[in-house]
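Undergrad: With the hints as a guide, bring the two chains together.
Those protein sequence lines, which keep their order, are chains H and X. Our numbering runs 9 ahead of the 1-based position in the first sequence. Our numbering runs 286 ahead of the 1-based position in the second sequence.
These aren't lab readings, by the way, just hints derived from the structure by calculation. Take the hints with a grain of salt, since some may be wrong.
Stated by the list, open to error - Some chain H residues judged to face chain X by a derived CB distance under 8 Å, without partners named:
no., residue
1, LYS187
2, ARG188
3, ALA197
4, GLY198
Where is the CB? At the ideal position from N, CA and C, for every residue including glycine.
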Amino acid sequence: MTADFESNLISYLRENLGEDFLEAYKQRERRIFVKVEPSAVRRVVQLLKNRYPMLRFMTISAVDNGLDMEYLYHFHIDGIVLTVRSLKPKEDNTLESIAYLIPAANFIEREISDLFGVTLIEHPEPKHGLVLTKDWPDDKRPLKKPLEGILPPKARPVAEALISSSCVAPISSFIQRKREAAGLSKSAGFAFADEKSISEFHSMIKDTNLSEKVGFDWEKRRLRYK
Amino acid sequence: MIRYAFFLGCQIPMRLPNIEIAARKVFERVGLEAVDLLGYSCCPEPVISRLLDEMAALTISARNLTFAEDLGLDLMTLCNGCYETLIEANEVLKHNAEKRNRVNEILKRYGREYKGKVEVKHVVEVLYEDVGLDKIKNCVVKPQKLKIALHYGCHLYREYKSPDIMRKPNMMKEIAVQTGVEIVNYGLERLCCGYPSMQADEEFSLKKRLLIKLDRIKDAGADAVVTACPACMIQFEMGQIMLRSYGVKHSIPCINLMELLALSFGVPYKELHLELHRSPVLQLVKRMEVV
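Chain X on its own, in the form it takes in the complex (with noise of 0.2 Å):
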């Protein structure tokens, strides 16, 4: 049995348990299992937490990393904004001495030590290189007779393993094709949502960022988007709403990878609670079931 320690960071379990329900389902299948972690805290937040103070933001994260250490399993992220905060920041602490003396100056007033014991891992790096393939095409049920274009995500780019920036986003394009979904090339896969610029200027966000990315999709003739990113879903079911005040209308479904996986692997859709996303996700899947 494959184990880990499971870190589901804000976004997942607060605002989109649909991925969450999702992944455990996957899980069970491929024979994974995630440990959950009790106590833990968001990752932290990167861009208020670490631009503000760089010791708070490796402290929230040291703290949270010491429970994969007391669990002794490496550490695995459904979210890519986790994923980032968590890997640079045990990067840094495993290779900046004085920074984790500092850290751990703080960590020991409450009986923790990080040590630098524990790798932290994409779910899109465990699938692929811990349960492999093979496991996953044999999983696979209920092909997904769709077209789909994909969305890594800016963060699953941040490699540390190797000098390929490509070699994660690869990885998902070649657990998505397991599914039975024709991948279809709409040329900006590169460029980022916009969800971090919302908060700077909504405008540019959704006309400069998501909405060019969006008509591109539409162009090429894809059925859904796939994401691996909860922020980066958010972006793309609530901007192409918020999209509507623009006069711009979009109704593209947007789903996890972990959605795709669970419904090629044959979990029925109402157990998937796929109501809670707000594109049209629902809609596409029971026309899939009719078809």
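Okay, chain H solo, but in the shape it has when bound (with noise of 0.2 Å):
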């Protein structure tokens, strides 16, 4: 009976958020996370408003996972918890409340804007200072961390080179003079001398996720920390 229930509610979530249901998985028996992008978390709420009249928030918990902001939107239906996941990036500092359609999730969101620094968006009572003074400074946000991935900083200029141009150590001009000099070809060969055998290197790194674990930004072809 509860298995059925919680199949259900996924496919329920699934077929009407589309591309926006990215995954769900059942952690053990009454204990169901789904992941969706973080603009249908609005949607997401108002669909199980729609659908389960017995639906209580419990809480939002937020993580700041050096790259991203990673919000988990906590329910209870019917003996059934189930999280929403959604992963915001840092740079885009904003959370879209959720209170308008959930009273209850006034405080929590406050609590989190405070804490972390993050902007609320449409929030019925945008005020700072709930559980940090009025005149706490606004760039020392306590859990706040700075903008980081998994790379050590002397690794850093290494992923990027290798990500952005295939190779792991820029050629300087001297470098191309003394190989012309030499007889020798300018890039040897290298994927970044081609338009084709780049772009299909790129499109193979994005095939396997290591752009994203190291926080690839691709738009601006380095890394989203320095």
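TA: In structure tokens form, the structure reads like this:
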């Protein structure tokens, strides 16, 4: 009976969210996790309210993962605990409030805003100083970590060069001149010297999730942290 | 004609083209055709990519190996690091069907497939096994009257073909002997030069690894250090410069095995662009010319 209920709940969200539904898993009986795009969190809350009159909002957990903020919305539905996870890049330092859908989220959202320095969007009471003093400095939030990924500083240029140029040792114009003077090709057949090869290399890197793991920004062609 | 797909890696073409220049001169003289790979990438660098994401590292290696497969040639590396990365990836992919399938799932999207049809060899193996010591000796027209200390490099001990980890280091030693040099034993041949630990702890790397080796090499009376690895060469050359900030001065020339061979084969030193060295190699070679 519980298993059916859990499966129905997951299917309901999957069907209604389409591509915004990322994954779901059951940690154990009566404990479900659903991962969605951050832009879909409000829609999830509305969907849950529409279908489950017994829905009870428990709380929101916020975790600073270094590069991203992870928000976990915990709900209780008829003996089952559902956690809706969403991951937001820290460069976008905002959180869309769900307090207009669930008034009980008002205080926990303000607490998250105080402790992590996140700006609340469309919150009914976007005031500072729920858990911190009103004169607390904006740039020193107790639970906020620096924007950092998993690579130690000395490994960052190497990873950045590998992903962006397919080569860990960028070539200088001095070495290029020396190569030419010695009758060697400028770039030694590297992928970066050919549009098709570098494009293939980049696509393969994306397929392996390496760039996501190290926090590589494909638009800027560099790591998201220095 | 002996033919190999030639994997140059990153450090040699981008930072130490003098090794590539010397290698090509040597290959020309011993009758070894090194076929360049077009569109290849870093092997990849093992410390970051392999530790972070094994499947990413295997996929990048497999892509590189498919270039050699396309040519129908075994692959030869000049760099110890590339050798270890590629031979390990080749071994894993040949023997682990699950990982091979996962890698091929990605490669197939780009019209590639890793088939496991090629072998990976270090240039030392190619020179010893395919070219042969006799041919190398016959090419020597200018024996090098030097006392040298050999630094094989940690990855050269990586062995899949034999239980003897000294197989390739011994090959390197025998190849070096053909050039007329006298090899001095300094007792710390197997100690790492410290290059990999530079990222974690520069002082440890320089003082507890490189300096210990340099002191022993100097005490053994060597004129120069000969390495088979570009990363070790960077460590020996840049490390000696960096050690000055710790109040230690060493000026031991460091050259690659390919450069030693090229010099002994009579290639004029000016053609080898030895000015790219950061240790007094040019001074040593000019002194030798006078002698």
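Undergrad: Which earlier hints turn out false for this structure, listed by number in ascending order?
TA: none
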